[in-house]
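Peer 1: Given the coordinates of chain A, assemble chain B onto it according to the supplied hints.
Number of protein chains: 2
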Amino acid sequence: MQELDRRLRPGAIPWMSAGRYWGQMNSDTLTPAMIAYSYAMLSNSNNVALESSMATSKMESEVGDDFAKLFDYTDGWGHITHDGSMANLEGMWYARQFKSLPLAFKEVVPEKVEGMSEWELLNMSVEDVLKIMATLTPDQINDVKAHSSRSGKNIQKLGKFIVPYTKHYSWLKALDISGVGLDQMVQIPVKSDFRMNVDILEQTIKDLAAKKIPILGVVAVVGTTEEGQIDEVDRIVKFRKEMEKQGVYFYLHVDAAYGGYGRALFKDENGNYVEYDQLADLLKEHHVFNYPVKISKHVYNAFKAIKEAESVTVDPHKMGYVPYAAGGIAIKHMAMRNAISYFAPYVFEKKTASLPDMLGSYIIGGSKAGANAAAVWAAHQTLPLNVTGYGRLVGSSMEAAQRFRDFLNTLKFNIKGKTVNVYALDNPDFNMVDWVLKVDGETDLAKTNELNEKVFDFSSFYDSHVYENRFLTSHTIFRKDTYGDSPLPFIEKMGFSKEDWDKVGEVTLLRAAIMTPYLNDDKLFDFYSKGIAKSMEEKLNEIL
Amino acid sequence: MQELDRRLRPGAIPWMSAGRYWGQMNSDTLTPAMIAYSYAMLSNSNNVALESSMATSKMESEVGDDFAKLFDYTDGWGHITHDGSMANLEGMWYARQFKSLPLAFKEVVPEKVEGMSEWELLNMSVEDVLKIMATLTPDQINDVKAHSSRSGKNIQKLGKFIVPYTKHYSWLKALDISGVGLDQMVQIPVKSDFRMNVDILEQTIKDLAAKKIPILGVVAVVGTTEEGQIDEVDRIVKFRKEMEKQGVYFYLHVDAAYGGYGRALFKDENGNYVEYDQLADLLKEHHVFNYPVKISKHVYNAFKAIKEAESVTVDPHKMGYVPYAAGGIAIKHMAMRNAISYFAPYVFEKKTASLPDMLGSYIIGGSKAGANAAAVWAAHQTLPLNVTGYGRLVGSSMEAAQRFRDFLNTLKFNIKGKTVNVYALDNPDFNMVDWVLKVDGETDLAKTNELNEKVFDFSSFYDSHVYENRFLTSHTIFRKDTYGDSPLPFIEKMGFSKEDWDKVGEVTLLRAAIMTPYLNDDKLFDFYSKGIAKSMEEKLNEIL
Numbered sequence: 001m002q003e004l005d006r007r008l009r010p011g012a013i014p015w016m017s018a019g020r021y022w023g024q025m026n027s028d029t030l031t032p033a034m035i036a037y038s039y040a041m042l043s044n045s046n047n048v049a050l051e052s053s054m055a056t057s058k059m060e061s062e063v064g065d066d067f068a069k070l071f072d073y074t075d076g077w078g079h080i081t082h083d084g085s086m087a088n089l090e091g092m093w094y095a096r097q098f099k100s101l102p103l104a105f106k107e108v109v110p111e112k113v114e115g116m117s118e119w120e121l122l123n124m125s126v127e128d129v130l131k132i133m134a135t136l137t138p139d140q141i142n143d144v145k146a147h148s149s150r151s152g153k154n155i156q157k158l159g160k161f162i163v164p165y166t167k168h169y170s171w172l173k174a175l176d177i178s179g180v181g182l183d184q185m186v187q188i189p190v191k192s193d194f195r196m197n198v199d200i201l202e203q204t205i206k207d208l209a210a211k212k213i214p215i216l217g218v219v220a221v222v223g224t225t226e227e228g229q230i231d232e233v234d235r236i237v238k239f240r241k242e243m244e245k246q247g248v249y250f251y252l253h254v255d256a257a258y259g260g261y262g263r264a265l266f267k268d269e270n271g272n273y274v275e276y277d278q279l280a281d282l283l284k285e286h287h288v289f290n291y292p293v294k295i296s297k298h299v300y301n302a303f304k305a306i307k308e309a310e311s312v313t314v315d316p317h318k319m320g321y322v323p324y325a326a327g328g329i330a331i332k333h334m335a336m337r338n339a340i341s342y343f344a345p346y347v348f349e350k351k352t353a354s355l356p357d358m359l360g361s362y363i364i365g366g367s368k369a370g371a372n373a374a375a376v377w378a379a380h381q382t383l384p385l386n387v388t389g390y391g392r393l394v395g396s397s398m399e400a401a402q403r404f405r406d407f408l409n410t411l412k413f414n415i416k417g418k419t420v421n422v423y424a425l426d427n428p429d430f431n432m433v434d435w436v437l438k439v440d441g442e443t444d445l446a447k448t449n450e451l452n453e454k455v456f457d458f459s460s461f462y463d464s465h466v467y468e469n470r471f472l473t474s475h476t477i478f479r480k481d482t483y484g485d486s487p488l489p490f491i492e493k494m495g496f497s498k499e500d501w502d503k504v505g506e507v508t509l510l511r512a513a514i515m516t517p518y519l520n521d522d523k524l525f526d527f528y529s530k531g532i533a534k535s536m537e538e539k540l541n542e543i544l
Numbered sequence: 001m002q003e004l005d006r007r008l009r010p011g012a013i014p015w016m017s018a019g020r021y022w023g024q025m026n027s028d029t030l031t032p033a034m035i036a037y038s039y040a041m042l043s044n045s046n047n048v049a050l051e052s053s054m055a056t057s058k059m060e061s062e063v064g065d066d067f068a069k070l071f072d073y074t075d076g077w078g079h080i081t082h083d084g085s086m087a088n089l090e091g092m093w094y095a096r097q098f099k100s101l102p103l104a105f106k107e108v109v110p111e112k113v114e115g116m117s118e119w120e121l122l123n124m125s126v127e128d129v130l131k132i133m134a135t136l137t138p139d140q141i142n143d144v145k146a147h148s149s150r151s152g153k154n155i156q157k158l159g160k161f162i163v164p165y166t167k168h169y170s171w172l173k174a175l176d177i178s179g180v181g182l183d184q185m186v187q188i189p190v191k192s193d194f195r196m197n198v199d200i201l202e203q204t205i206k207d208l209a210a211k212k213i214p215i216l217g218v219v220a221v222v223g224t225t226e227e228g229q230i231d232e233v234d235r236i237v238k239f240r241k242e243m244e245k246q247g248v249y250f251y252l253h254v255d256a257a258y259g260g261y262g263r264a265l266f267k268d269e270n271g272n273y274v275e276y277d278q279l280a281d282l283l284k285e286h287h288v289f290n291y292p293v294k295i296s297k298h299v300y301n302a303f304k305a306i307k308e309a310e311s312v313t314v315d316p317h318k319m320g321y322v323p324y325a326a327g328g329i330a331i332k333h334m335a336m337r338n339a340i341s342y343f344a345p346y347v348f349e350k351k352t353a354s355l356p357d358m359l360g361s362y363i364i365g366g367s368k369a370g371a372n373a374a375a376v377w378a379a380h381q382t383l384p385l386n387v388t389g390y391g392r393l394v395g396s397s398m399e400a401a402q403r404f405r406d407f408l409n410t411l412k413f414n415i416k417g418k419t420v421n422v423y424a425l426d427n428p429d430f431n432m433v434d435w436v437l438k439v440d441g442e443t444d445l446a447k448t449n450e451l452n453e454k455v456f457d458f459s460s461f462y463d464s465h466v467y468e469n470r471f472l473t474s475h476t477i478f479r480k481d482t483y484g485d486s487p488l489p490f491i492e493k494m495g496f497s498k499e500d501w502d503k504v505g506e507v508t509l510l511r512a513a514i515m516t517p518y519l520n521d522d523k524l525f526d527f528y529s530k531g532i533a534k535s536m537e538e539k540l541n542e543i544l
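Going down the list, the sequences are from chains A and B.
Per the UniProt record's numbering, residue 1 is the first one in the first sequence, and the count goes up by one each step.
Per the UniProt record's numbering, residue 1 is the first one in the second sequence, and the count goes up by one each step.
Isolated chain A (complex conformation) (with noise of 0.2 Å):
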């Protein structure tokens, strides 16, 4: 125990020291998450087999239906997931699921596709699927089943998976791990406020279904993973519903991973998803905020939306504020589970009905701590995940955003005669800010990437004591060959040319999800913003 102490205490960042860290999706996590998980682990429950964790996984159900409702997923379900990349790659299996099926219910029961084109079946809708499968006997459906994706015939015939180019990374791993492949991935450009552009992604598929290339499925983001921006998922939605006039359909995934619990900020008391024009009232009368934070048309519209999409990722990891690892995932209809899962549970031979799910048939995992339920559990009921719980969380985390967008905004350094100005990324989304320092009069973007990197290093574990340190951030690069010109506007407000973008390629800047919630007062504010200020004229004057 000494020496796990020993290694831990230098070796641990300490986020739960609220005015020093920001950078990663990290903070202090809820005490209620942590004792939760703590007692729930003496009696070590295992939530893949029901007999093992009747608690737990009645508490992961309930947790489940939070999820649901969180998204207004009337007849939705959902669940804890090992991570987010996990519940990105479930998103990914289901949407090659639904892809299939069509094509399975031709060869299993053609007669309930009967004088369906191969370019129609491809572009079944999940409902119309379910419609099918509602249909069938249990052995048509394991036929069906049979007969899926899960045999692996026909997948490289589903089509394209469209992603914006501020996908996580993870997207990558999901088209490797299922089999659908990176070569069936189509990425869009952002627009120079880092969202994906939508009208990029409309002619895309428009393009593509002029070519009779079937859509496997589009990916959404909200909060992106290094700008914390929020893809207009309202016009993607709308899109889907006039291409499906057109006979053109695609599963629609959301990536809100982080954003997630960002929905609650719009939930009234009884869980309803109130009029744009009620909201400031809403979060007026319950006290989000204490200084002016916008919550734009966009945000509100993009959240509302999501509504519609097939499933979504949700990581009660990140601005759920429980402790590693719980990621999650809701699905737009229960009966989606069935298509993808495996063996009739023991559960059901004995007819019981009031038992909670045995998840192990419904999930990519197998094996998960009935403690990351409990912990989650206790978190939800802490903080509901309306306006008085998470929502109020979740907005003073985006108010200390903007508290420190603003602050970087005025800051300016004197170092060693030199002008050191802060250029802060207007990326006001959710809680993410990211800003360059640049020396005034500087011309070479490269030299400036370098003092940034170099201020990331004497702020994170690579050059220095995380524990001595006033301040601890993250960092980014945003690359030309994944952001295009988006970062040009931001380049151009610095001094740089085009030529000078063109020629550098990438632009470093620091990076921090502002996720505290206690700097939603002046005073502290005030305290944890100069110290921060003087942190960083510290190190500018050690790198200068």
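Certain hints may be false.
[As the list claims (entries may be wrong)] If the Cβ cut is set under 10 Å, some of the chain A residues that face chain B in the computed set are:
id, residue
1, Q97
2, G366
3, S367
Calculated directly from the structure, the hints in this document are not laboratory data.
For glycine and all other residues, C-beta sits at the position ideal for the given N, C-alpha and C.
Peer 2: Just chain B now, with coordinates in the frame of chain A:
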């Protein structure tokens, strides 16, 4: 917290009560692991990203080395996985990728495989693939990887994936999820000792090869889920060497999720796998057994041969006695991971080789609790992976299983004028005991199945309050469609005929992994086993 407690007490299994719970692979977990988990959870590090987890990533790296050493992978590597199913999926991912790489060589660097036919390419060994990889430039490697199975191409060309009937169901999911597909699965029957029938495996592979159908991979199980039996890995390894001379090669993964830690039993203090004729002395010297337990040459050889497999699943949350969820995988050659890796991690750019690995590049999962690594690390620090540590612990559980098996064979109940006999399966490879209760003279197998089903109901959550129950166990059903006739000798021993077996097609057994290490004492064993017998008798009295 009160609600949590109110739910957990009656809704959790009291595994820690060593003489009451003998069922699933659960028991008390190691105190150092529980404390380390709770403590490390407070700093909530995420081992997917080194930047957030310097201390716990280092611990995971050491645990990975422990895994590699446990299996005598002198050039190996390992890490903690979310669970055993994920480790198996990762094994499948490796197999798929390595089988596909020669086809990618052909496309990208044809000069490296000049003159080789597709059949030869599809039978290239992992070692030969690595040799070629080692000659490529970084750009060529990226290009080869882009043309590998991760592209989605060629997956259906890679051949059959062979598993025993006794495989864990996660292999079905792995075939499904990976896009290899269940159509590629070939299942090998087991013998009446519930080990894979290697004669049939050999013939199957020869037949496939004769038809020029490639073999993607073979899974051998070390510790079958329902019987704890151990496949003849040594024979499979030997056969593979023979086939290699004939130009036929398959990837070999050992699923030792359950049995893996058992390999510690054969390792002396210096970590050397002892000779079989020295084993008895070693076990005696370290006071492993207080009761006659025979470690067969078969079991010894099978464990020894794991070192020849390309990868192996080993779950700390099973025989590692750490809390959920901690699975594990080890690979034979560290360089193998470069064939599946993603992006050049930041660490590499920094050229700080002394830092541990950035796991996110090399694993299927995403975020992972550093606390898990701390828990497994603390367990390994306390109990070395040799005869002095885990060897003794696993040995004690094997001893308890042998004691219980012998005890069951002496049991006979007299219930309301009926005699109830006990038939235990002769499955002594590891620490699992399966048995059937049968009314003397009962000629109906279905009724006997019903009786055991009811005894299970009375010994589990399904019909009883677990906290007041003196004996809790698990159960299993051997079905003709998956077990073939392998249970027949046992069926006949109970006095049923082949006709009964053919008609009913299944047999229900009570099933207990005897995990507890505390029953290697005559008095304690006597105390608990009598309690169990009394509890069984009471249940039989209620049922009959």
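Peer 1: Would you mind marking each hint as holding or not holding in the structure?
Peer 2: Cross-check of the supplied hints:
no.: 1; hint: Q97; in the structure: holds, 9 Å
no.: 2; hint: G366; in the structure: holds, 3 Å
no.: 3; hint: S367; in the structure: holds, 4 Å
In summary, the structure agrees with every hint in the numbered list given earlier.
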